[in-house]
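Now for the letters of each chain:
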Amino acid sequence: MPEENTIIPESLRNAIGVESDPITYEIEKGHIARFAEAIGDENPLYSDEIKARNSKYGGIIAPPTFYRALRPGSLPETAESPFTRNLDAGSDWEYFEPIRPGDRITVTIKLADVVEREGRLGKMIIITRETRYENQLGQIVATQKTNGISY
Amino acid sequence: MSKETLYWDDIEEASEVTPLPKNASSQLLVKYAGASGDFYQIHYDVEFAKNNNLPGIIIHGALKNAWLGQLMTDWIGETGMLRKLSCQYRAMDVPNEDLVCKGIVTKKYKDGDHHLLDCDIWLENSKGDKTTPGTATVELPIRD
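So the sequence lines, in the order shown, correspond to chains U and W.
Quick note on numbering: the first sequence equals residues 0 to 150 in numbering that gives the first Met the number 0.
Quick note on numbering: the second sequence equals residues 0 to 143 in numbering that gives the first Met the number 0.
The set of hints was computed from the structure by calculation and includes no laboratory data.
Don't take each hint at face value.
In the SDA-like style, the derived pairs of lysine to any residue whose C-alpha atoms are separated by at most 20 Å in a straight line are [unchecked claim]:
#1 W:Lys2 with U:Tyr56
#2 W:Lys2 with U:Glu41
#3 U:Lys109 with U:Ser73
#4 W:Lys83 with W:Lys101
#5 W:Lys30 with U:Glu41
#6 U:Lys50 with W:Glu3
#7 W:Lys107 with W:Pro140
#8 U:Lys109 with W:Ser85
#9 W:Lys83 with W:Thr105
#10 U:Lys50 with W:Asp73
#11 W:Lys83 with U:Arg128
#12 U:Lys144 with W:Pro132
#13 U:Lys55 with W:Thr4
#14 U:Lys55 with W:Asp143
#15 U:Lys50 with W:Leu5
#16 W:Lys83 with U:Gln138
#17 U:Lys55 with W:Trp7
#18 W:Lys83 with U:Asp91
#19 W:Lys83 with U:Phe95
#20 W:Lys49 with U:Asp91
#21 U:Lys144 with W:Lys83
#22 W:Lys101 with W:Pro18
#23 W:Lys2 with U:Gly39
#24 W:Lys30 with U:His30
#25 W:Lys101 with U:Gly39
#26 U:Lys55 with W:Arg142
None of the values given here were measured: they were computed from a predicted structure.
This is chain W alone, in the form it adopts within the complex (with noise of 0.2 Å):
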């Protein structure tokens, strides 16, 4: 598609994944729940929530953890392949808050055929706090 074509060869460890912005209306978490099939009231419904001694709604964990993917699929785009993603929820995130998705190359190297990163990625929220460490491996092509 129209994204130029990252390659193996032009990143370098220290290399920054391309920041991914998002802020998450309360629709769009009635929209994950039913996308996922994960109802649980805390994240739609305020009284169930304060109930629960949150402050309110609170993101679904996993939508962070669809945020973290597309800050990889994004970046690497179609041609890379995510191979891992993992993340920890750290801390709570909350709607109508501007949260960033974004990441650093911790490791290049090569196995067999593959050339591959390590990333170190995390959410973060508008406080400057890592609500949502992770960790990412890709699979890049190689220039000719």
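In isolation and in its complexed conformation, chain U is listed as follows (with noise of 0.2 Å):
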């Protein structure tokens, strides 16, 4: 597609690669147990201390998207979306350690790509975002790569 004709303005192109401030939540048992209860997952890792610390992981852990509760800081207005409509498109996510209660996780999202697509809605843009989930420890707990539909 030629450039001209493209409907990314020039500012949202520039801003790839743009990281938010990071934000640090503290893990609180409370919370993930409330989480675990609103998707209707009963694993007992998530809210009985007994047999979680029974099981392998010697202790409580969040079920796996409960990071959507960990909601990173706002991009630059450059890096937004200039339309008003938007859609979440879905979610990539990995893994690589478990998260505990009292832990501290500091969260950052960055415009990772925007790109342009004809669809059943007319023109639309495609943004990615990626967002890091970082332990106390420095460990990188876990990464979820987001596609927003904008149009």
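Since each chain comes alone in its own frame, lean on the hints to assemble the complex.
Here you go:
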């Protein structure tokens, strides 16, 4: 597609690679249990301290998508979509270490890519963002890549 | 815990992941909004949803993502590790409908000392449509 026809503003294209300020969350046992209840997951690893202690994890851990509750900071305005209608198109997760109550998880989001597509809704842009979750030991515990459709 | 260990040795390509049925009440969507911090009104305010050209409130994509995570963690049990999980929200799902998470093993392989399985996973609605397809990679223990 020739550059001059693109619906992607130059400022947005130039913002690829920009990261948010990091935000650090202290992980609470009650929040993990509440999240597990809200997704309808009764796995005792998320809420039963005795069973979790007797597991190979030696204590409570969080469910795989608990990270959704650890919201990243905002990207600069130039890294946001110029359109008002936005849809979450999906997530790609990679997991490295479990997270536990008492962990301090630092969340950083990056504008990773912007591409243009022609779809059912007309011209749209697909915005890919990468979120990195790092614990207090400096370990990357998980990454999440999200695709947002904007039109 | 009580569940029997799932071993890599015992799984073949095309093996089925144990299905996980789900049915979200509107109350569950409110709980999810609270627990996740996603307060977009299309998930709990019928009038707001209708003003956004939706038939009514719809289930959070991320909640469906959470269910697909549970599909895998329930199946592999505590001795397995979920390494990768991905899904795409292709169609909307609504509360009070019988939905089911399903999966099938597509690839069985080793990476160094790691014994891995790739799976196709999806959420299926009551009409049999795969509204939320995805993939997962898990690591399992081997028999001695």
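Discussion item. Holds or violated: W:Lys107 and W:Pro140, Cα atoms, limit 20 Å.
Written reply: holds, 13 Å
Discussion item. Just to be careful, I want the Cα atoms of U:Lys50 and W:Leu5 compared with a cutoff of 20 Å; is the pair within it?
Written reply: Cα-Cα ~19 Å, so holds.
Worksheet item: Hey, W:Lys2 versus U:Tyr56, does the alpha-carbon distance stay inside 20 Å?
Response: The hint holds at about 15 Å.
Discussion item. Check whether the Cα positions of U:Lys50 and W:Glu3 lie no farther apart than 20 Å.
Written reply: holds, 15 Å
Discussion item. Next pair to validate is U:Lys109 with W:Ser85; report whether the Cα-Cα distance is within 20 Å.
Written reply: This hinted pair holds, its Cα atoms lying about 18 Å apart.
Worksheet entry | Given pair status - W:Asp73, U:Lys50, alpha carbons within 20 Å | holds, 15 Å
Worksheet item: Are W:Lys83 and W:Lys101 close enough, with their CA atoms no more than 20 Å apart?
Response: holds, 16 Å
Practice prompt. Decide if the proposed pair is consistent with the structure: W:Lys83 and U:Arg128, CA atoms, cutoff 20 Å inclusive.
Written response: holds, 17 Å
Discussion item. Tell me if the straight-line CA distance from W:Lys30 to U:Glu41 falls inside 20 Å.
Written reply: holds, 15 Å
Worksheet item: Can the restraint linking W:Lys49 and U:Asp91 be considered satisfied, given a maximum Cα separation of 20 Å?
Response: Roughly 30 Å separates the two Cα atoms, so the pair is violated.
Worksheet entry | Straight-line alpha-carbon gap U:Lys109 to U:Ser73, limit 20 Å | Given pair U:Lys109, U:Ser73 holds - Cα atoms ~10 Å apart, limit 20 Å.
Worksheet item: Holds or violated: W:Lys83 with W:Thr105, Cα cutoff 20 Å?
Response: Holds, because 14 Å separates the two Cα atoms, which is no more than 20 Å.
Checked against the numbered hints above, the structure violates only hint 20.
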